[in-house]
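Colleague: Chain order of the listed sequences is Z and S. Heads up: the first sequence begins at 0 in numbering that gives the first Met the number 0, then just goes up one per residue. Heads up: the second sequence begins at 0 in numbering that gives the first Met the number 0, then just goes up one per residue.
These aren't lab readings, by the way, just hints derived from the structure by calculation. All the pointers check out, no bait thrown in.
Pulled a few chain S residues facing chain Z out of the computed Cβ check, cut under 10 Å: (1) SER109; (2) THR119; (3) ILE128; (4) LEU136; (5) ALA162.
Restricting the straight-line Cα-Cα distance to at most 16 Å, the calculated cross-link-like pairs of lysine to aspartate or glutamate (EDC-like) are: (6) LYS247/Z / GLU277/Z; (7) LYS137/S / ASP35/Z; (8) LYS140/S / GLU58/Z; (9) LYS140/S / ASP35/Z; (10) LYS253/Z / ASP228/Z; (11) LYS137/S / GLU58/Z.
If you're wondering where the values come from, they're calculated on a predicted model, not measured in any experiment. C-beta: ideal position from N, C-alpha, C; glycine also.
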Amino acid sequence: MKNTEAVKNEINRSEQHATRDAYGAALLALGKKRNDIVVLDADLSGSTKTASFAKAFPERFFNMGVSEQDLIGTAGGLSLTGKIPFASTFAIFETGRAWEQIRQTLCYSHLNVKLVATHSGITVAEDGASHQAIEDIALMRVLPNMTVIVPADSIETTKAIEAVTDFNGPVYVRLGRAKVPAVMPDAYKFEIGKAYTFHLGKDANIIATGIMVSPSLKAMEILKKQGIDAGVINVSTIKPLDTETILKAAKRSKLIVTVEEHSIIGGLGGAVCEFLSENHQIPVKRMGIRDTFGCSGSSDELMKLYGLTADDIVKTVKQGLE
Amino acid sequence: MKTSNTKDIEFLKKQANSVRIEILKMLAEAGSGHTGGSLSAADIATALYFYKMRHNPKDPLWKERDRFVLSKGHAAPLLYTVLALSGYFDPSLLKTLRKIGSPLQGHPCSKMLPGIEISTGSLGQGLSIANGIALGLKMDKLDSRVYCLLGDGETQEGQVWEAAMSASHYNLDNMCAIIDNNGLQIDGHCCDVMTIEPIIEKWQAFGWNVIDIDGHNMQAIVNALDAAETIKDKPTMIVARTVKGKGVSIFEGKAKYHGLAPTSDELAKALEELGQKESA
Numbered sequence: 000m001k002n003t004e005a006v007k008n009e010i011n012r013s014e015q016h017a018t019r020d021a022y023g024a025a026l027l028a029l030g031k032k033r034n035d036i037v038v039l040d041a042d043l044s045g046s047t048k049t050a051s052f053a054k055a056f057p058e059r060f061f062n063m064g065v066s067e068q069d070l071i072g073t074a075g076g077l078s079l080t081g082k083i084p085f086a087s088t089f090a091i092f093e094t095g096r097a098w099e100q101i102r103q104t105l106c107y108s109h110l111n112v113k114l115v116a117t118h119s120g121i122t123v124a125e126d127g128a129s130h131q132a133i134e135d136i137a138l139m140r141v142l143p144n145m146t147v148i149v150p151a152d153s154i155e156t157t158k159a160i161e162a163v164t165d166f167n168g169p170v171y172v173r174l175g176r177a178k179v180p181a182v183m184p185d186a187y188k189f190e191i192g193k194a195y196t197f198h199l200g201k202d203a204n205i206i207a208t209g210i211m212v213s214p215s216l217k218a219m220e221i222l223k224k225q226g227i228d229a230g231v232i233n234v235s236t237i238k239p240l241d242t243e244t245i246l247k248a249a250k251r252s253k254l255i256v257t258v259e260e261h262s263i264i265g266g267l268g269g270a271v272c273e274f275l276s277e278n279h280q281i282p283v284k285r286m287g288i289r290d291t292f293g294c295s296g297s298s299d300e301l302m303k304l305y306g307l308t309a310d311d312i313v314k315t316v317k318q319g320l321e
Numbered sequence: 000m001k002t003s004n005t006k007d008i009e010f011l012k013k014q015a016n017s018v019r020i021e022i023l024k025m026l027a028e029a030g031s032g033h034t035g036g037s038l039s040a041a042d043i044a045t046a047l048y049f050y051k052m053r054h055n056p057k058d059p060l061w062k063e064r065d066r067f068v069l070s071k072g073h074a075a076p077l078l079y080t081v082l083a084l085s086g087y088f089d090p091s092l093l094k095t096l097r098k099i100g101s102p103l104q105g106h107p108c109s110k111m112l113p114g115i116e117i118s119t120g121s122l123g124q125g126l127s128i129a130n131g132i133a134l135g136l137k138m139d140k141l142d143s144r145v146y147c148l149l150g151d152g153e154t155q156e157g158q159v160w161e162a163a164m165s166a167s168h169y170n171l172d173n174m175c176a177i178i179d180n181n182g183l184q185i186d187g188h189c190c191d192v193m194t195i196e197p198i199i200e201k202w203q204a205f206g207w208n209v210i211d212i213d214g215h216n217m218q219a220i221v222n223a224l225d226a227a228e229t230i231k232d233k234p235t236m237i238v239a240r241t242v243k244g245k246g247v248s249i250f251e252g253k254a255k256y257h258g259l260a261p262t263s264d265e266l267a268k269a270l271e272e273l274g275q276k277e278s279a
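With the rest of the complex left out, here is chain S (with noise of 0.2 Å):
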């Protein structure tokens, strides 16, 4: 296991930064998309991608990679970022973002992008496809471990539920799912719209072992993915507490921005931000 120095945080912290950034350009280059979710998540998706995930950008399909799925697809942007930050193809594609003839969906398509495990966008599929996934690796003796990114509106989905008492009946521990549990879905607050709550106790009933954290520090997102590894016959849940929108103050916590893309002005207002905090 790989053990998380200050100066790694420090990195990755910075990453992060710029992470946010590459969204927030391609997100107004194509003028429609999710910001709230995609800046929610790139915490954690930059922990995963930068110092957790053993994968090879060289070689997309290395059999002992570990595995992503986006099942909150919908964050495309992020995904698409941390892929091309990795180096899975030329930053400069992130332009053609949701535009005619690009492999840059509006929702992620596996056929069409390297590193793209699976092809997500209608919520709630993708932690059964990650609990297929962790079977295959266990049946071919890999240890290789599969991270699944669910949003916490999606888990109003009933097949959310389904995977998540078979990931605890075959005792999927190579399994680390987490939750962006940013508190807002498309018609507002989640606790308004359908409840999810209690979340932690939801997940320790299915028989998964659960991780609360502050989804914003980096250190916590990192300590919790060391942990999560040596769990063992139990598939483990990181409850992510996020601020839809982080980063930037004018898409913070507001629902809005779920499914809107920035103006120039909101772009060029956000950018200074992240440039501020990125110098300081």
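Just chain Z, same shape as in the assembly (with noise of 0.2 Å):
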């Protein structure tokens, strides 16, 4: 109840900001306190939110160009001389263009890097398809070593950053382009490896990742008004999973239904079914971009093209308890 109470006040935020902007304020915070911190980009600077950092730090900056493949490799080796490096570029072209380079340098290697890629989802907006990474939460998945984080907003991010620069081993961190709303506590401590309980449902629960976190709360809000008790779970690490508070949500309901603005196929809805199909049965309904490519418009358009709103939300809760 404690934490009802607390979401009630963090929606009503009226700031958004762009997870993008958090992770640049977090690095050049980071590069403060800390000089074993390197950052890596392909030419995107700028939109990526490094370039503060790169200015601040120049000589532990390193601009690769239009080169993934090249950015991993090399951030690879700056690893294994002690260094933190952080490399980022937009989300389809870090995880899809440099796959391999991730498995076989990084992950078999088990080496200390940060891909923080920006740009990922169907907010990506008017740049279309080929710029809207919609399978990039399933490519790092399957990968051995890798752990997979998701920011909510940009609290969430500031806390992701710093976490994972203590952490050691491959971290894939999603953020986005859009400005989005707050939505996580101020208080709120992140833990690699553990998901947030908003409102546990006794009718539904609703497990969401990254931007839709904030959709999923406001269906809360309506399908409460409706009479139905939906729970809202942020799951912000999507490997490895945090399958005890899933598990819990699912042996308290009826129904769990996962929100992620990535394919339905491999992401957040994936592991949640992998992980529950083994260990408890229950319906699940998986929203998110159904086997099809993004399109170019607005990011709110897109946002109802794909079935991705509260409402959306609501219904989606509403037909799977009937």
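Two chains, each in its own frame: build the complex with the hints.
Modeller: Written out as structure tokens, the structure reads:
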């Protein structure tokens, strides 16, 4: 109950920020504290927000040009000399173009490299399908040794960047381009591998990640007014999955709905279904992009087109409970 | 800088012969693995591990060591042999190549064996990693050098040229790459599969200092490694002209021995040849 009170305050916050902006600010702050942090980019430092670090610490910033494979390898090499490299570019190019470099070089040798990608999901918007990474969670999740984190807002991004700096091993952090509302409480303690339960619902539980946490909380409020007790859990670490929290939600309700700005194949929905199918039988509805490419349009238009608004979540929960 | 004298060269030649013998024995025992490309680079790796590189088998992670990245990871038997003969691990382990439970994986795994800087095997990735190490060493103001061995067929990978660009862009004069230019890849001659010529001019155009040598002339290898150290503000590429399967007549110049291990008969013949050379 206490959590629900906190949520109310948070989702009424008027200011919105892009998670990539929080990343840029976090890098700059951490760069001042630690001189073992180095940053690499592939000609997108203005967009990924690593440019402010580059300006402050030019001797610790390496622009690799338009070459993602070399970006990953060079970051790997730097980590072998004890540096903590943050390598950034757009999500599709980082996880797609350089997937095998990430597998062979970073994951197989368990290198301490942080991949922080921006411009994930369909909210890249007008740039269209070629730039909309809707497979990146799946691509990273399948790799042994890889940790996958999808922050819900700027507050969580800041805390996640701090946490991954202290964590030893390859990490993928998925950030977005669009401005999103703050949803996490200020006092929230981010821990890799721990989900955050806003409210545990008796009827249904919505398991959301990234920017989909915000509309899920709105859906929860709408459902509450209609007499349906739906909970919301923010699974910001997709791997390792917080199976304890998910099992608890599944055992205490009649329906699980997963929501992600990603393909329904291989992402959060896939991870939750893989776990639940072996551990607890319960109906699961997966919300996300349904095995199709995106297209150009504004973020709002695209979220409507692909059925990812708060109203769509309400509809899915109600249909699932029927 | 060390200076090489005739005595060093004779020692290194004998050592390279021993390396070849160990490679063939371990490959025959394993029954699979890459013979041709391990033998072609044997003289180069011998010069690196027994002449040029600063390294300490008793302290594999010694901060001031020179680093070696085997980008052509299929030459794992060669790397395992020079590491074992250097004292990184008991040479009896060489018999376990490619066997279940062995740290001597089919391609090098850094988490399983001391002395291996980074896991390799998927071609085209090593030079980028070596560049990253070179950058890190420069940041730490260490004068350690980075050596990266590439196959010639491997340079067909686009990432190699991304790395070629960044090494010269960042003036990595602590980087010395070597191409084991044996002219053959799995499907045949490089010039038939996908030509990489003109190899000298390509690397020069990418801003590298290029040294062209006979990769089986130990004095030439030693001289080139010494010369590379004197170059400032740019990386050095040693293009080592080699013969695939070098040292054993039945394997020399044959593409099929890229990924084939010697049979017991072939091993007997090979050891006889190498033994004769050793005593000659």
